[in-house]
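Peer 1: Protein chains in written order, with our numbering: chain A, 43 to 247; chain B, 55 to 278.
Zero decoy hints are in this set.
With a straight-line Cα cutoff of 27 Å, these simulated DSS-like cross-link-like pairs (lysine-lysine) come out:
(1) 193/A with 164/B
(2) 133/A with 121/A
(3) 148/A with 264/B
(4) 264/B with 135/A
(5) 148/A with 164/B
(6) 164/B with 95/A
(7) 95/A with 151/B
(8) 121/A with 264/B
(9) 191/A with 164/B
Calculated from the structure, these hints are not laboratory results.
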Amino acid sequence: MKRFFLLLTLTFFLPVQASAEESAPQVKESQVAQAPIQLHSVQADFTQEKHLKILARPIISTGTFTFQAPQSLRWEYRKPLHSILLMHGGKVKKFIERDGQLTEEKGMQLDSMQVVLAEITNWLDGRFTDNAMFTVSFPDKKTILLTPKDKGIAALISTIELKLGDQAGLLDAVTIFEGPDSSTRLTFTNRVLNQEIPASLFTAR
Amino acid sequence: MKPFLLSILFLFLAACATERHPMPELTASKDTTGAKGCEAVYPQGRWQFVHSIDFSMQDGSGGTVIGVTSLAGDELTCVLMTIEGFTLFEAAYQEGKGLAVQRAVPPFDKPAFAEGLMRDVQMIFLAPSTKNMRYGRSADNVPVCRYTGIDGRIIDILPAVNDCWQIQTYTADLIMDRSIVGRSCRKEGDLLIPEHLELRGFGQAGYTLKMTLINAENLGAVSE
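Please construct the entire structure, taking both the sequences and the accompanying hints into account.
Peer 2: Below, the structure is given as structure tokens:
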């Protein structure tokens with residue numbers, strides 16, 4: 043579970059290294075990696091659709107996502123369940139609404155998030171392809187496919203598909219395929235790049 | 055002296071770890087109008103429920119997941135996922151076919167977990183047979199439908215407590231091992247759907263599930 047969380051978090055940061063404008067069809071990994079964008083911050087609203095064979099219709103979750111370099115993150119679900127993941131100054135916290143109040147999730151293995159941050163830093167430095175976790179392929183100039191290398195993870199996640207937006211450095215959607223009948227699709231809207239964000243957003247619930 | 059003290063300590067700890075709730079006496083009644091109320095506890099046909107589930111174990115550990123329960127007659131499918139959408143557990147149960155686990159991510163991959171979870175889900179959503187059902191009232195005059203299984207286990211359905219319902223199950227030794235308390239029920243047709251459910255499992259591996267309804271959807275009749 044925590045490895046998945048790690049993977050999922052990583053996917054949010056991929057677009058900053060992949061430029062739709064500058065990458066040609068059948069781009070090679072090295073070409074994408076040569077076009078880094080100076081990303082200082084990104085904010086977006088997201089809609090998450092969970093698809094399962096047994097579901098009559100997908101479960102819809104909505105929230106906001108905020109990242110500021112080098113290592114600050116606020117990942118907040120508003121509906122159907124309020125939860126907030128905060129990362130700042132090397133500290134990671136997660137809060138979930140219980141009985142109408144946001145309470146800290148104590149049992150979570152938050153140390154794994156330190157690993158995530160190390161990966162994020164690599165990508166922000168343009169080392170998009172230096173990734174021990176995924177095989178990366180580029181079927182077209184707007185799509186990046188990530189296939190887990192680790193067999194244990196591959197048993198749980200078959201592929202992660204990233205859809206790049208028209209504007210360089212922005213991501214339209216991420217789809218995580220667990221298997222043929224199960225996937226999670228995140229679509230991003232109202233995206234804002236490189237705006238200064240107060241540190242309190244990453245520390246206060 | 056030392057073994058004696060250890061024995062006392064053991065008994066004390068055992069008593070702390072296990073809350074014992076003996077089964078209450080039932081004043082039998084031939085009036086079966088209460089049976090209608092018990093039918094309203096269980097969904098009929100095809101339904102889908104989505105809950106947020108806070109689980110807490112006796113050792114203080116716990117967490118929050120989203121649970122999907124799909125019903126089609128006596129066929130029941132259950133999925134647990136994280137808030138982020140990752141599927142942790144998926145299993146189906148059907149009378150006669152038994153339990154089939156499709157996906158189980160550690161720490162949800164223990165066989166005992168699957169069996170325990172599906173037993174809890176069955177208890178909440180699948181009505182027991184009416185063949186071995188007795189009707190009556192408890193000492194505090196609450197209507198009760200009491201089902202006795204072939205293994206001696208007993209299910210008490212209390213269809214009218216604080217405008218919602220409760221279910222209690224007892225071992226063959228007549229000690230309560232599960233309690234489900236529904237709160238803030240809303241009526242949908244004949245069905246009473248609780249906005250909140252609290253399930254407590256008693257015994258040494260005690261746990262509590264607090265379920266809050268996100269969505270309930272009637273998907274119609276079961277197709278033949």
